[in-house]
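Listed below are the residues making up each chain.
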Amino acid sequence: MALLSACGKDQSALDAAGVDAEAIRNIFMVTLVGACILWVLVNGAFYTLTRLRTDPLDDRFVRPLLIGGGIVVPSVLLIGLLAWALSILPDQRAPGDGLQVRVTGEQWWWRVEYWPDGAEEPIVTANEIRLPAGQRTEFVLDADRVIHSFWIPSLGGKMDMFPGRETRVSLHPERPGRYRGQCAEFCGVSHAWMAFAAVVMPEEEFDAWLEREAGDAVAPESAEAMRGEELFRSEGCGACHAVRGTEAVGQVGPDLTHVGSRETLGAGRLGATLEDFERWIAHTGELKPEVLMPTYDHLGEAEIADMATYLKGLK
Amino acid sequence: MTERKEQLEEIAEERASLMKITMGPLIWAIHFVICYGLAAVTCAKGWDIEMARVGLLVFSVGSLGAIIWVGWNSWRQWNPHETGDYFNSWGRAEDRHHFLGHAAFLLAIISFLGVVFTSLPLVMLGGCQ
Chain C
1 MALLSACGKD
11 QSALDAAGVD
21 AEAIRNIFMV
31 TLVGACILWV
41 LVNGAFYTLT
51 RLRTDPLDDR
61 FVRPLLIGGG
71 IVVPSVLLIG
81 LLAWALSILP
91 DQRAPGDGLQ
101 VRVTGEQWWW
111 RVEYWPDGAE
121 EPIVTANEIR
131 LPAGQRTEFV
141 LDADRVIHSF
151 WIPSLGGKMD
161 MFPGRETRVS
171 LHPERPGRYR
181 GQCAEFCGVS
191 HAWMAFAAVV
201 MPEEEFDAWL
211 EREAGDAVAP
221 ESAEAMRGEE
231 LFRSEGCGAC
241 HAVRGTEAVG
251 QVGPDLTHVG
261 SRETLGAGRL
271 GATLEDFERW
281 IAHTGELKPE
291 VLMPTYDHLG
301 EAEIADMATY
311 LKGLK
Chain B
1 MTERKEQLEE
11 IAEERASLMK
21 ITMGPLIWAI
31 HFVICYGLAA
41 VTCAKGWDIE
51 MARVGLLVFS
61 VGSLGAIIWV
71 GWNSWRQWNP
81 HETGDYFNSW
91 GRAEDRHHFL
101 GHAAFLLAII
111 SFLGVVFTSL
121 PLVMLGGCQ
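Protein chains in written order, with the working numbering: chain C, 1 to 315; chain B, 1 to 129.
A few of these clues could be false.
As the list claims (entries may be wrong) - Covered stretches of chain C (in silico footprint by chain B; criterion: 3 or more residues with CB under 8 Å from a CB of chain B, positions within the stretch not fixed):
#, segment
1, 76–83
2, 144–151
Said to hold, decoys possible - Computed list of chain B residues with no C-beta within reach of chain C, every gap over 10 Å:
#, residue
3, 48
4, 50
5, 61
6, 62
7, 73
8, 85
9, 91
10, 116
11, 117
Claimed, not checked - Short derived list, chain C residues pointing at chain B, Cβ under 10 Å:
#, residue
12, 59
13, 71
14, 168
15, 273
Quick caveat, the hints were computed from the structure, so don't treat them as lab data. Computed from a predicted structure; not experimentally measured. Cβ coordinates follow ideal geometry from the N, Cα and C atoms, glycine included.
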């Protein structure tokens, strides 16, 4: 029971929140129950023949049992299971209902671009994926330097991401909620810290969110936030990070235009409170070993707090 | 027939049935390599995948037919329904001959299933994704 308590969380293939995850869960359940039945039958036969009926059996009984149980039944079952598994694949590769999301696996974060139907340029964000419920959305996957794998267990199957080669997967979420995605292919030291929040929203809410996400960053209002913005500029953060509407246009690291509205920091490494922002800036390398971003521990406590206030304000 | 000639024929027959037990798995292996190889090259080069798919399906049916033929041939060599001997446990040349037919027959069944498994994605999936 202690193990089962982990099954109802935001990253469980057994707690399906979409059409694709449900299809996979059904196959898993049928296979599991079938395996249990087979286990009982095989061990029952073994027990019967070694303990209860040890005298030689009649050929007329044994031969059909061997041919039926050893060849015919396993063949039919395995062909049936394979056909069932193959039958759900086309859905998971279907082109989707309009919205396309391009995700690039980086070490160790996710570059995310939303391409609404007919869009000429993408809405760029990072480390969080939002999806409209009740529709199929197609993901086009790529990777920067090494192989990663894109997986939101509650929503569907995983798909590897290769440098220089596009792969596709599509997801049809049903139940709005907050789920967790995780890189599922070892990609370096901080592989385990390469996650993201996947938020499924009712369609109208999603449209409103996407429109806001497409806009430029909001200008800082408080004195702390303004000092934070100045520090962000003078420390050279904009060489790696983009904040649309400012002079920060770096493409090396995650886009921070609306980082304050995200649910996690550092690709699912931390939550997104003001304290989390401070921790991330001051302890980057500790929190995510070998990350490219330098640790800004040379800044004073007050400076870090200002910068965190600025970033948290980028809603 | 001289004794010598009889022996030579027997050796030739046994050699043939040693070859025969490899036939089923060989067809399966060739089918596997051609299916995966052609599908991969077709997708990489952007050739017409539907044509490749239909071609491979025809090839699969042909492979299954060839395996059935090998199986039927091996069954006749094993010949358990006429000899009444399923296990051929005596070490005479005739027993070895029947036994090789038995082995080839079982391998043909496995190979048939292998080709069915390899072909199922061709039947159920289209395109390169």
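Hint check results:
Check result for the segment 76–83 of chain C against chain B: holds, 4 residues qualifying (beta carbon to beta carbon below 8 Å, three or more required). For the segment 144–151 of chain C, the assignment as covered by chain B is violated, since 0 residues bring a beta-carbon within under 8 Å of that chain's beta-carbons and 3 are needed. With a minimum CB-CB distance of about 19 Å to chain C, residue 48 of chain B clears the 10 Å threshold, and the non-interface call stands. Residue 50 of chain B, annotated as away from the interface, keeps every beta carbon of chain C farther than 10 Å; the closest lies near 15 Å.
No beta-carbon of chain C is positioned within 10 Å of the beta-carbon of residue 61 of chain B; the least distance is around 16 Å. For residue 62 of chain B, the non-interface assignment is confirmed: its Cβ lies about 20 Å from the closest Cβ of chain C, beyond the 10 Å cut-off. Residue-level check passed: residue 73 of chain B sits 19 Å from the nearest beta carbon of chain C, beyond 10 Å. With a least beta-carbon separation of about 13 Å from chain C, residue 85 of chain B lies farther than 10 Å from that chain, consistent with its non-interface assignment.
With a closest Cβ-Cβ approach of about 23 Å to chain C, residue 91 of chain B is found to remain outside the 10 Å limit, as its non-interface label requires. At the 10 Å boundary, the C-beta of residue 116 of chain B falls inside the reach of chain C, the nearest C-beta of that chain being 6 Å off. Under the 10 Å C-beta cut-off, the non-interface status given to residue 117 of chain B relative to chain C is violated; the minimum distance is some 6 Å. Annotation: residue 59 of chain C was flagged as interfacial toward chain B, and the flag holds, the nearest CB pair being 9 Å apart, inside 10 Å.
Taken as an interface hint, residue 71 of chain C checks out: its beta carbon lies about 7 Å from the nearest beta carbon of chain B, inside 10 Å. Because the closest C-beta pair between residue 168 of chain C and chain B is about 6 Å apart, less than 10 Å, the hint holds. Interface hint status for residue 273 of chain C: violated, as the beta-carbon distance to the closest one in chain B is roughly 41 Å, over 10 Å.
In this structure, the earlier hints numbered 2, 10, 11, 15 are contradicted, and the remaining ones agree with it.
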